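Residue numbers (the UniProt record's numbering), protein chains in the order written: chain A, 1 to 216; chain B, 1 to 262.
Among the clues, some could well be false.
Unchecked claim - Computed beta-carbon distance windows for the label pairs: (1) Pro70(B) <-> Phe109(A): 32 to 38 Å; (2) Arg220(B) <-> Val192(A): 35 to 41 Å; (3) Pro58(A) <-> Asn176(B): 25 to 31 Å; (4) Val214(B) <-> Phe109(A): 29 to 35 Å; (5) Leu90(B) <-> Ser202(A): 24 to 30 Å; (6) Phe182(A) <-> Asp50(B): 23 to 29 Å; (7) Gly12(B) <-> Pro58(A): 54 to 60 Å; (8) Phe68(B) <-> Phe68(A): 21 to 27 Å; (9) Ser138(B) <-> Gln57(A): 57 to 63 Å; (10) Ser19(B) <-> Ala96(A): 17 to 23 Å; (11) Val145(B) <-> Cys209(A): 40 to 46 Å; (12) Thr174(A) <-> Ser19(B): 41 to 47 Å.
Unchecked claim - Listed next, the in silico DSBU-like pairs over lysine-lysine satisfying Cα-Cα at most 35 Å (straight line): (13) Lys188(B) <-> Lys45(A); (14) Lys208(A) <-> Lys103(A); (15) Lys188(B) <-> Lys111(A); (16) Lys15(A) <-> Lys103(B); (17) Lys188(B) <-> Lys150(A); (18) Lys22(B) <-> Lys103(A); (19) Lys22(B) <-> Lys223(B); (20) Lys45(A) <-> Lys150(A); (21) Lys103(B) <-> Lys216(B); (22) Lys111(A) <-> Lys102(B); (23) Lys204(A) <-> Lys108(B); (24) Lys108(B) <-> Lys208(A).
Calculated from the structure, these hints are not laboratory results.
The model shown is predicted, which means the values in this text are computed figures rather than measured ones.
Even glycine gets a Cβ: it sits at the ideal position worked out from N, Cα and C.
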Amino acid sequence: MSWGFLCDLLSGVNKYSTGIGRIWVAVAFIFRLLVYVAAAESIWKYEHDEFECNIRQPGCENVCFDHFFPISHIRLWALQLIMVSTPSLLVVFHVAYRENREKHHNQKFYKSPGEIDGGLLCTYLTSLILKTGFEIVFLVLFYKLYDGFKVPRLVKCDIRPCPNTVDCYISKPTEKMIFLYFLVATSCLCIVLNLSELSYLSFKYSIKCYLKRYIK
Amino acid sequence: MDWGSLHSILGGVNKHSTSIGKIWLTVLFIFRIMILVVAAERVWGDEQDDFICNTLQPGCKNVCYDHFFPISHIRLWALQLIFVSTPALLVAMHVAYRRHEKKRQFRKGDQKCEYKDIEEIRKQRFHIEGSLWWTYTSSIFFRLVFEAVFMYVFYFMYDGFQMPRLMKCSAWPCPNTVDCFVSRPTEKTVFTIFMIAVSSICILLNVAELCYLVTKFFLRRSKRAGNPKHHPNHENKEETKQNEMNELISDSCQNTVIGFSS
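If we strip away everything but chain B, and leave its shape as in the complex, we get (with noise of 0.2 Å):
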């Protein structure tokens, strides 16, 4: 069970979003899992063995430590991306009981549904419209949310983005106030900037997603408000033969970009 477990489970989800969605996993998985597993956790490794205090009174380091770092950057990113990665569990939630309803719809032998077989109902790629585009926007809102708070945490906590060198320290049992040095603060510094840059572009690829599914919903709505004649089997036809050459090119890109194993 590691990341790459979430990996798979948000893989299902990436078939049902919208092209800007799945560029917003691809964010998420090489810009900021791939860097927190292959990089960050490296530099964040030693950091309580590394934190030196000018001091030989035992237990001041650890009082010290504990008063400036109350939860490490990196288990902070670490939830970060738990909690942002989740929402979208709503959506393959939602998808998964519209695919039990067809093939139970299918298994009755209704004359309503139009697939073949069990494996069609099984690849279907569904549209976000209805109760699913509820839960799509219900899902990028909540991961805009997640993505805020974490953020004001991060600065709240430590009083901006940057790793000092040096913090001064007068918690019990340091005798006096005590000069404390923390490790690879300059590496720190970068990769908190890193960190934070790759998160602001997650939000901005959220607000765009949310706006064009907004945009999208009015712009349906006007039309079938001019247009009440105009068949719905017709315009799905065109409009998943459309999707399915989308999904070749995105996928075809992926393939290329997205190395990603477990």
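Here chain A stands alone, though its shape is the one from the complex (with noise of 0.2 Å):
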């Protein structure tokens, strides 16, 4: 189990999505996942090792690592790209369970079952505004823990142990803090397309209404 299990969920997802969310897909998969595992992760690989603090207090480094990394970047990080991959998820069910249900009655229910109509609509629907959701969410988050998204050179730390204010260096802050807002740009970037989306497909089947209501 690992990123390729996402990766062969979201090839499946494509499969039902509309224009943008195929580049949704496309961004999520080149800019998000495969800068993460080719590049992200190994910045963070060493970070509590190559912490140092100006102390030979044992304990001290540790526990002042603790405080202002309660959850580490990266790993914040990982979940969010596995959480806002999820919601996709939902359309991909209520594909097969179309399918199931046509293959159960022996009948044609619809047109094409993974035609974006009706009550697939809305579980697209609710899937795209659960995906700005979370990257909202993750976003604000990011922010609120650090503080902003700088990575600073030095945090100063008081807590029991250390015997007073103590300097401690975090390693690679200016690389972190890059790659950082790369995470933001491509997370709006996504909140953009999911945006987009939604207005299209929304503007697209009130059209649709609207014209059917107008003929009859």
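Since each chain sits alone in its own frame, please combine them into the complex, following the hints.
Listed below in structure tokens is the structure:
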């Protein structure tokens, strides 16, 4: 079980997406997942070992690291990728339900089980709203936990057992900041794509409904 | 999810590329991505552990390392490879869109559609003409821009392409000007120069491909202007046969050269 599983999952979703949805999948794969696996993971690999405090008191470094990084950037990033990809499963499940229903009753209920109309449209819109919601929640979480998206070189720590206010140095702060900004930029891009897809679908189907009523 | 997934995504684009495009893709995967994964990552693997400063002052090493390496070579290369590979997706999306339109025509039972079944549409290779030519040319242009930008960033950030053995650092909390020693500087210089050289080759290939496409465009235009009665279907059939032969030759070459598995 690894990121390949998420990869396969999203490839399945791609089949039932609109054009904008496919662009979203491409951005999620290449600019988020691939950058995470190929580049970002190795930056945070030894973050605890390389976190150094100007003190010899045993336990002070551990306590300070834990205070400043309740949850590491990289783990939060991984959680964000997983949570943001999961709502697309709703669409996959709904299509599978439709196909099952047709098979079970041996009858054609839908023009095509994968076509986005009726109940599937509601599911698709719900998945878009959930995706956008998760993106915003994680961005706010990042902002609140780390006081903005900056990674300082030096943090001052005075928690027990540190005997006084001690200087602690974070490793590779500039590189971490560059990748954090990259994360924020791709997140915002995905939010914009989701909102455009939401507006496009709402507009398309409201025009369709209006025309149907008008023609009748 | 790793570089192998990128290979499978870009492999699909390969079918609709020119011969120079196929060579570019081969160079990208063998001389850049494979070298990055198999060799370069090991060289830079221990970079901060073995970066040693002549001081016992805690924090000085961290600060000096961060000052001299704002972003590591290896991460910059990974980003460069990702950005440079992405424009090919524009072509993949355009081809997918065309296929989708042809499938829609086929399903509607359009008489203009000349395909016998859906499988034929799926396997069809599109010629680089019309709007696909513009998409393909834009993708090459963006590739060139990204390559150039990343090479410039490299040069600017590291003040050339050489890795020095010794760096002098006086950032706080270092008590004075401290000597810091980089691990494996010669090996890193060798790989940096290698990657820059291959980048330059890729830029040349892209420029050549761009010139080839532009020349072909103007030749085709002048042919059409000079010969308006020429039957398009007959020309297409001859071109298709030649393209199929080219594809067979390049595919058999590729199969022997690329043993890349994800």
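Right, here's what the structure says about each hint:
1. Pro70(B) <-> Phe109(A): 32 to 38 Å: violated, 59 Å
2. Arg220(B) <-> Val192(A): 35 to 41 Å: With a Cβ separation near 38 Å, arginine 220(B) and valine 192(A) satisfy 35 to 41 Å, so the hint holds.
3. Pro58(A) <-> Asn176(B): 25 to 31 Å: Since proline 58(A) and asparagine 176(B) have Cβ atoms about 29 Å apart, the given range 25 to 31 Å holds.
4. Val214(B) <-> Phe109(A): 29 to 35 Å: violated, 53 Å
5. Leu90(B) <-> Ser202(A): 24 to 30 Å: This hint holds: roughly 27 Å between Cβ atoms.
6. Phe182(A) <-> Asp50(B): 23 to 29 Å: holds, 27 Å
7. Gly12(B) <-> Pro58(A): 54 to 60 Å: holds, 56 Å
8. Phe68(B) <-> Phe68(A): 21 to 27 Å: holds, 24 Å
9. Ser138(B) <-> Gln57(A): 57 to 63 Å: Cβ of serine 138(B) to Cβ of glutamine 57(A): about 60 Å, so the range 57 to 63 Å holds.
10. Ser19(B) <-> Ala96(A): 17 to 23 Å: violated, 43 Å
11. Val145(B) <-> Cys209(A): 40 to 46 Å: Because 44 Å falls inside the window, the suggested range holds.
12. Thr174(A) <-> Ser19(B): 41 to 47 Å: Holds, since threonine 174(A) and serine 19(B) (Cβ atoms, about 42 Å apart) stay within the stated range.
13. Lys188(B) <-> Lys45(A): At roughly 21 Å apart (the allowed maximum being 35 Å), lysine 45(A) and lysine 188(B) satisfy the hint.
14. Lys208(A) <-> Lys103(A): holds, 29 Å
15. Lys188(B) <-> Lys111(A): This hinted pair is violated, its Cα atoms lying about 60 Å apart.
16. Lys15(A) <-> Lys103(B): Holds, because 15 Å separates the two Cα atoms, which is no more than 35 Å.
17. Lys188(B) <-> Lys150(A): holds, 29 Å
18. Lys22(B) <-> Lys103(A): violated, 44 Å
19. Lys22(B) <-> Lys223(B): holds, 27 Å
20. Lys45(A) <-> Lys150(A): Holds - the C-alpha atoms of lysine 150(A) and lysine 45(A) are around 19 Å apart, at most 35 Å.
21. Lys103(B) <-> Lys216(B): holds, 29 Å
22. Lys111(A) <-> Lys102(B): holds, 19 Å
23. Lys204(A) <-> Lys108(B): It holds: about 22 Å lies between the C-alpha atoms, which stays within 35 Å.
24. Lys108(B) <-> Lys208(A): holds, 20 Å
Consistency note: the structure conflicts with the earlier hints numbered 1, 4, 10, 15 and 18.
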